[in-house]
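Engineer: Below, each chain spelled out in residue letters.
Number of protein chains: 2
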Amino acid sequence: MKFEEKVLTTKKLFHGVMLDLEIEEVQLPNQQKATREIIRHPGAAAIMPFTSDGRMIFVEQWREPLRRVTYEIPAGKLDQRDATAEDAAWRELNEETGFTSDQLTLVCQFFSSPGFADEQLWLYRADNIRPVEKQLPQDQDEFLRLHPLTLQEAKTKQQEGKICDAKTVIALQQWELAVINNK
Amino acid sequence: MKFEEKVLTTKKLFHGVMLDLEIEEVQLPNQQKATREIIRHPGAAAIMPFTSDGRMIFVEQWREPLRRVTYEIPAGKLDQRDATAEDAAWRELNEETGFTSDQLTLVCQFFSSPGFADEQLWLYRADNIRPVEKQLPQDQDEFLRLHPLTLQEAKTKQQEGKICDAKTVIALQQWELAVINNK
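One line per chain: the protein sequences are A and B, in this order. Per full-length UniProt numbering, residue 1 is the first one in the first sequence, and the count goes up by one each step. Per full-length UniProt numbering, residue 1 is the first one in the second sequence, and the count goes up by one each step.
Mixed in with the good hints there might be a few duds.
Computed list of chain B residues with no C-beta within reach of chain A, every gap over 12 angstroms [said to hold, decoys possible]:
| id | residue |
| --- | --- |
| 1 | T51 |
| 2 | S52 |
| 3 | R55 |
| 4 | R81 |
| 5 | A83 |
| 6 | E86 |
| 7 | G98 |
| 8 | S101 |
| 9 | R130 |
| 10 | L136 |
| 11 | L149 |
| 12 | T150 |
| 13 | Q152 |
Straight-line C-alpha distance at most 25 angstroms; calculated SDA-like pairs for lysine to any residue [stated by the list, open to error]:
| id | chain 1 | residue 1 | chain 2 | residue 2 |
| --- | --- | --- | --- | --- |
| 14 | B | K33 | A | L66 |
| 15 | B | K11 | A | F14 |
| 16 | B | K77 | A | L13 |
| 17 | A | K77 | A | P148 |
| 18 | B | K6 | A | R63 |
| 19 | B | K2 | A | Q61 |
| 20 | B | K157 | B | D127 |
| 21 | B | K157 | B | F50 |
| 22 | B | K77 | B | P42 |
| 23 | B | K155 | A | M1 |
| 24 | B | K77 | B | P137 |
| 25 | A | K12 | A | E24 |
| 26 | A | K12 | B | P42 |
| 27 | B | K134 | B | D79 |
| 28 | B | K12 | B | R40 |
| 29 | A | K162 | B | L106 |
| 30 | A | K157 | B | L177 |
| 31 | B | K12 | A | V17 |
| 32 | A | K2 | B | T156 |
| 33 | B | K12 | A | M18 |
| 34 | B | K155 | B | V59 |
Only part of the chain A face toward chain B is listed, based on derived beta-carbon distances under 10 angstroms [as the list claims (entries may be wrong)]:
| id | residue |
| --- | --- |
| 35 | F14 |
| 36 | A34 |
| 37 | T35 |
| 38 | R36 |
| 39 | I38 |
| 40 | W62 |
Calculated directly from the structure, the hints in this document are not laboratory data. Think of the CB as a built atom: it goes at the ideal place given N, C-alpha and C, for glycine as much as any other residue.
With the hints as extra help, turn the sequences into a complete structure.
Structural biologist: Set out below in structure tokens:
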């Protein structure tokens, strides 16, 4: 079976700071036409920051699309300063938490919602984090509170619905698998 | 610390089949103003369909935002026919795989990318699936191939990058945790 769709036309409807919206007209494998609504996003890096006593740092923040506060792992989108996703991960770890580490290890990468968006996420872990010497300024429109949580505390936050985004659910499961596999 | 942002104005820039785009002007906790680019999405249901011999059914399909084929668990967006997310899950399981089950069990729910979208996903598991008596028609613009995979085969597909979306990564990790915890 052939799957590929052929792009007939592309219209850029919106060019924003966070995302772009494009409408494609495509030709399907059966030669019929269809319309695809596509969000273009630069991608993002997310970090699982572990303290030396085995807690992970979560960021509490307002998420306007949801009109509520969430607990998430630190993350931020790639920008023109970043040669690699890891560059963005180092910066966001510093900006959002004030911590750094000896190294970042890539855990996995994934697309957040490939039905309508090309946003890719790179998930890193940072072990034995320590305070940075010089913290980078946070984004001016970001207000954050940090929470170092044990795995059990984090699982409770998920049950309570405070941890509720895909990347942080993936990070939590990775953490649980790592704990089990190291036993 | 106060986190809440106050909505000053909302502009709907695009109303589509899959998603809407809204631009909000908000007042931040420090009284400054900021702009939020927000994708409104009806939400989606996803299913982990297990055969009686312990394989999960994956759907191979073209994802135009990525311009490539992926292996994902069956999923589809909620629409006006659905009183609940579970209604959408039953329909998508039937439409995309031709299987049904005695029951669906909610595994978890999450937001795919709360920085810019309100899309929520409900993830169900369906055990001991069996062929439906009457399969619903697939969406006219969907071309799918089914793959029943063992956990090890699925993990290999993830390493190869064919399994690469957040909901399917979450499903795979849930599966691995369930296998470990039942041992």
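Engineer: Please go over all the hints and tell whether each is borne out by the structure.
Structural biologist: Do the hints match the structure? See the list:
The claim that B/T51 is not at the interface with chain A holds, since no C-beta of that chain comes within 12 angstroms of its own (minimum 22 angstroms). Residue placement check: B/S52 keeps its beta carbon more than 12 angstroms from all beta carbons of chain A (closest about 25 angstroms). With a cut of 12 angstroms on Cβ distances, B/R55 stays outside the contact zone with chain A, its closest approach being about 21 angstroms. Chain A leaves B/R81 outside its interface by the beta-carbon criterion, the shortest separation being 18 angstroms against a cut-off of 12 angstroms.
Taking the minimum C-beta to C-beta distance to chain A, about 21 angstroms, the non-interface status of B/A83 holds against the 12 angstroms cut. Every CB of chain A lies more than 12 angstroms from the CB of B/E86, the least distance being 18 angstroms, so the non-interface label holds. Residue placement check: B/G98 keeps its beta carbon more than 12 angstroms from all beta carbons of chain A (closest about 16 angstroms). In this structure B/S101 is separated from chain A by more than 12 angstroms, as the shortest Cβ-Cβ distance comes to about 23 angstroms.
The claim that B/R130 is not at the interface with chain A holds, since no C-beta of that chain comes within 12 angstroms of its own (minimum 24 angstroms). Its beta-carbon lying about 19 angstroms from the closest one in chain A, B/L136 satisfies the requirement of being farther than 12 angstroms from that chain. Its beta-carbon lying about 17 angstroms from the closest one in chain A, B/L149 satisfies the requirement of being farther than 12 angstroms from that chain. No Cβ of chain A approaches the Cβ of B/T150 within 12 angstroms, the least distance being about 18 angstroms, so the stated non-interface status holds.
Taking the minimum C-beta to C-beta distance to chain A, about 15 angstroms, the non-interface status of B/Q152 holds against the 12 angstroms cut. In summary, the hint linking B/K33 to A/L66 is supported, as the alpha carbons are separated by about 18 angstroms, within the 25 angstroms threshold. Between B/K11 and A/F14 the CA atoms are separated by roughly 13 angstroms; this keeps the pair inside 25 angstroms, and the hint holds. With a C-alpha separation of about 23 angstroms, the suggested pairing of B/K77 with A/L13 holds against the 25 angstroms cut-off.
As the CA atoms of A/K77 and A/P148 are separated by approximately 23 angstroms, the hinted pair is consistent with the 25 angstroms bound. For the suggested pair B/K6 and A/R63, the alpha carbons sit about 12 angstroms apart, so the restraint of at most 25 angstroms is met. Distance restraint check for B/K2 and A/Q61: the Cα-Cα separation of roughly 10 angstroms lies within the 25 angstroms cut-off, and the hinted pair is therefore satisfied. Our distance criterion of 25 angstroms between C-alpha atoms is met by B/K157 and B/D127, whose separation comes to about 22 angstroms.
Using a Cα cut-off of 25 angstroms, the hinted pair B/K157 and B/F50 holds, with the two alpha carbons roughly 17 angstroms apart. Taking the CA atoms of B/K77 and B/P42, the gap is about 7 angstroms. The hint holds against a cut of 25 angstroms. At most 25 angstroms may separate the alpha-carbon atoms for a hinted pair to count; B/K155 and A/M1 meet this at roughly 24 angstroms. With a C-alpha separation of about 16 angstroms, the suggested pair B/K77 and B/P137 falls inside the 25 angstroms cut-off, and the hint holds.
A hinted pair counts as satisfied when its Cα atoms are at most 25 angstroms apart, and A/K12 with A/E24 qualifies at roughly 9 angstroms. The hinted pair formed by A/K12 and B/P42 meets the criterion: a straight-line CA distance of about 23 angstroms does not exceed 25 angstroms. Simply put, B/K134 and B/D79 have alpha-carbon atoms about 21 angstroms apart, close enough for the 25 angstroms limit, and the pair holds. Using a Cα cut-off of 25 angstroms, the hinted pair B/K12 and B/R40 holds, with the two alpha carbons roughly 10 angstroms apart.
A distance of roughly 18 angstroms separates the Cα atoms of A/K162 and B/L106; the hinted pair therefore holds under the 25 angstroms criterion. The hinted pair formed by A/K157 and B/L177 meets the criterion: a straight-line CA distance of about 19 angstroms does not exceed 25 angstroms. Our distance criterion of 25 angstroms between C-alpha atoms is met by B/K12 and A/V17, whose separation comes to about 17 angstroms. For the hint linking A/K2 to B/T156, the alpha-carbon distance of about 23 angstroms falls within 25 angstroms, and the restraint holds.
At roughly 16 angstroms between alpha-carbon atoms, B/K12 and A/M18 fall within 25 angstroms of each other, so this suggested pair holds. Proposed proximity of B/K155 and B/V59 is supported: the alpha carbons are some 15 angstroms apart, at most 25 angstroms. The interface hint given for A/F14 holds, since its Cβ lies 6 angstroms from the closest Cβ of chain B, which is under the 10 angstroms cut-off. Evaluation of the A/A34 hint against chain B yields a held restraint, the C-beta minimum of about 4 angstroms falling below 10 angstroms.
Interface hint status for A/T35: upheld, as the beta-carbon distance to the closest one in chain B is roughly 7 angstroms, under 10 angstroms. Given hint, A/R36 at the interface with chain B, holds; its Cβ is 5 angstroms from that chain's nearest Cβ, closer than 10 angstroms. Interface hint status for A/I38: upheld, as the beta-carbon distance to the closest one in chain B is roughly 5 angstroms, under 10 angstroms. For A/W62, the shortest C-beta to C-beta distance to chain B is roughly 4 angstroms, which falls under 10 angstroms, so the interface hint holds.
Taken one by one, the earlier hints all hold for this structure without exception.
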